[in-house]
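In order, the protein sequences belong to chains A and B.
Heads up: the first sequence begins at 0 in numbering that gives the first Met the number 0, then just goes up one per residue.
Heads up: the second sequence begins at 0 in numbering that gives the first Met the number 0, then just goes up one per residue.
To be clear, the hints were calculated from the coordinates, so they are not data collected in a lab.
Honestly, I wouldn't trust all of these hints.
Claimed, not checked - Calculated cross-link-like contacts (lysine to any residue; reagent style SDA-like; alpha-carbon spacing at most 20 angstroms): (1) LYS90/A - GLU203/B; (2) LYS208/B - LEU50/A; (3) LYS186/B - GLU273/B; (4) LYS199/B - LEU79/A; (5) LYS19/A - GLN184/B; (6) LYS214/B - PHE56/A; (7) LYS157/B - GLY259/B; (8) LYS199/B - GLU55/A; (9) LYS98/A - PRO179/B.
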Amino acid sequence: MKTCGARPGGPSLDGVDLSKQTVIQGQILRDGSSDSVPNGTAVANGHVRLLDASGEFTAEVPTNAEGQFRFFASPGTWTLVVQAPGARVEKRVIAERGKANDVVITL
Amino acid sequence: MSREKALVTADWVAENINNPHVVIVEVDEDTTLYAQGHIQNAITFNWREDLQDGLRRDIISKEGFEALLSKSGIANDTTVILYGGNNNWFAAYAYWYFKLYGHQDVRLLDGGRKRWELDARPFVTDVPSRTATRYVAQDQDLSLRAFRDEVIAAIGVKNIVDVRSPAEFSGELAAPAHLPQEGGQVKGHVPSAKNIPWSKAANEDGTFKSQDELKDIYTGAGVDLAKDTIAYCRIGERSAFSWFVLHELLEVKNVKNYDGSWTEYGSLVGVPVELGA
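Between the sequences and the hints, there should be enough to build the whole structure, so can you do that?
Dropping the structure here:
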């Protein structure tokens, strides 16, 4: 997956037609105040689950080396569940077509 | 009994990494994962290059399977441990091949790559070299594999279990949500199919639920386990996971994986299709 440099967030959208795809993506970072790693370190060994509005599992991806992930979904309300060694965080996302629904989640 | 024969824990794998009778094989949907890091001494199968026919749309032949296992240093009496990402989807798909071609001792690492990672167990990048064998496979056990005409004939007669996500079953999505929503086939599902997503069988850490929980998932959804069952998904790998649950863990008889799955059925001319939940 191509990445997008210093700006926190999901992978590059080059080649993704946002008029046809509803993209939910983002980046998982460590909160340095809660452990020994520097603030903002990418979580490369994380897993992100996408749950639909009823809480049903829809998909799961591992994060890449930059802690990034991407789903192709449909417009509506979704929940992201992030898991990494010693951490679990949920985040609700309201996805729209035509824009990158980009979230940064700190563990 | 069956659960112990079909599954191993991460601790068991850690203790058997150097066991000469054990070969650990990683099979991922994302075929770049192995090179980034894998369990020590594990080899990998590439599900596109190693497990598909390459010319026709079909799984590798008996001869192809023999060649793959022979060059991988797997013998007929080897204990094969399969694991992978995505809750073992493609590891379960490979497991189905091993059973289809008659391998005796094959097991899944419960929880797969995810459980290993969440435990913060080590990965290495060294690729082991293995001495080639002369593997002899059996003819395909077609009691484990369904073809399209059998699926059409099963509508309203046998259990048909669609293990995709509810959004794919209803026709909202054409593919799992981590993949681009492409594909020429129509959306929807096989009439009379029950939507029991594969994910219901897995805990959040990727391990399988308990035997009682697994049974309740299917019987609670109205599946009569005394009847023959066909499982399908989009390309046959998630349904191999559910086939594993039904046939290998719950020991339900007469369960077949329809590996043609929705990419085939949804492209057939003139077959019935349903939309909605």
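Checking each numbered hint in turn, tell me which of them this model violates, lowest number first. Of the numbered hints given earlier, the structure breaks none, since each of them holds.
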